[in-house]
Amino acid sequence: MLLSVSFEKIGRGVFENPSWDWSNTLVVTLAGFFIVFLVLLLLIIVFTAFGKIMKKLNEKEAAKKEKEIQSVPSAPAVGEVDEETAAVIVAAITEARGGKAVVIKDIKEAGK
Amino acid sequence: MAQFFDALSKLASESGIAQFFTGSWQNLIMICVACFLLWLGIKKGFEPLLMVPIAFGMLLANLPGANLAVHYHDIPEFIQLIKGNLVVDGVVQQAGLLDWLYLGIKAGIYPPLIFLGIGAMTDFSPLIARPSSFILGAAAQLGIFGAFLMAMFLGFDPQAAGSIGIIGGADGPTAILTTSILKPELLGPIAVAAYSYMALVPIIQPPIMKLLTTKKERAVVMETLRPVSKREKILFPIMVTIVVALVLPSAGVLVGCLMLGNLLKESGVTERLSKMAQNELCNIVTLMLGLSVGATTNGKTFLTADTLKIVLLGLIAFSVGTAGGVLFGKLMYIVTKGKVNPLIGSAGVSAVPMAARVSQKVGQQENPSNFLLMHAMGPNVSGVIGSAVAAGVLLAMIPHA
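Line by line, the protein sequences give chains C and X.
Taking the numbering used here, I'd label the letters of the first sequence as residues 23 to 134.
Taking the numbering used here, I'd label the letters of the second sequence as residues 7 to 407.
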């Protein structure tokens, strides 16, 4: 039997029998190319599905982040605060907005 | 036909997945442990410089059939080896520097280490953003099997034909690894042919690309690729390693090292290792690989008619690979109703990033405002994986010592 597989240890190769004929050549050519295609096709399927899952996950995370940003007040609460406290509040708002710049007007508002 | 299916079923029975069901279930648990440790290293920052390589090593060692686990050798055999006594033509000689360096090729060490460096330099985002690019990386491997068939017609034995065919993969380390296993005596001519054609990509590919495409096809402007998140980039190398090594264990060593290099880069917690792999490691191994390959080319074995045949077959392999990629690009152009530019298919031959640049250049000749480079990088990096898989297929199917 030409096609008795032996992948054991180091002596590997589908064709265990040293005699080689043209049918073996054709099998290596066709089956070889077919297997390369099959493996990469499998990767397409895996990563297409993976991409869809990741896209949904990313959208979900983006929506969550946006919600968190929205929940942070853009202007400080009531009461008078000094310049230093105002700067701390503005820095906290800036961070909560994901690094979005806070205009100087906010500091004035915060300082009121 | 029966032989074809017989070969496929036997390859399937030797796959890593099949081995999970035949006594390798412990490996499956260890793969889960490895993934957990990767998570600890990357996400939680637990000693990442050690944790990430250890965990990835654990992953590689537990992929059944890939034969990547460390075996404990008998010490006396090592002592014999360390003595450095070589028997050349019946005469015992002391092994010299190049003999020692050559062991890195013989033992299959250098090519995977170069793949580690390539992985650390490669951005797989275009491929992650458009997974269909994998098909172009597969199509361009047509040259490997076409050249194998032609080499058999020209009277080479199967081992030599497999080594010649792999030139079509346009990937130096892959060609060297495959040849060093299948037909080490052809290492010199095959390495020289493979690297020469890789350097000649800008000359060989454009005429074939223009011949097989119309002006309209070459002018297609492709849609911008979607952004890829960091999480996707981190999971990609782990998933590719598991999928490829389980389906085709013989490709595990090349793909595994390529993906480890990429994980070092993308994880963001092993920057030192990533830079080392990209620079120092890759440079040192390239030097040793080049020296060792060069040292195999003595006049007696190099200056033969076979070398000329190999050079010619290498050119055919490269051209058929390019044509295969472009033709599948055309198929994608038809299937997507003109959304894919077939020129990106030629980049599937690997030769990163030269082949992608050629796609960009030929595309811009038709439409100067067209930027195909990022679109061509998908098939290009897919070609690296594809040629490693094709090498794994050849090693799995052609008998060798």
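What the hints contain is simulated information worked out from the structure, not anything from laboratory work.
Since the model is a prediction, treat every value here as computed from it, not as a measurement.
Any given hint could be a false lead.
[What the hints assert, rightly or not] Examples of chain X residues lying across from chain C (beta carbon under 7 Å, computed):
| # | residue |
| --- | --- |
| 1 | A8 |
| 2 | Q9 |
| 3 | Q25 |
| 4 | F26 |
| 5 | D105 |
| 6 | M158 |
| 7 | L160 |
| 8 | P164 |
| 9 | S235 |
| 10 | V253 |
| 11 | V399 |
[Claimed, not checked] The calculated DSSO-like cross-link candidates involving lysine-lysine, where the alpha carbons are at most 27 Å apart (straight line), are:
| # | chain 1 | residue 1 | chain 2 | residue 2 |
| --- | --- | --- | --- | --- |
| 12 | C | K77 | X | K221 |
| 13 | X | K221 | C | K82 |
| 14 | X | K50 | X | K221 |
| 15 | C | K87 | X | K221 |
| 16 | C | K86 | X | K345 |
| 17 | C | K74 | X | K221 |
In this text, a Cβ means the ideal position worked out from N, Cα and C, and glycines have one as well.
Q: Check each numbered hint from earlier against the structure, then list the numbers of those it violates in ascending order.
A: 1, 3, 4, 5, 7, 12, 13, 14, 15, 16, 17
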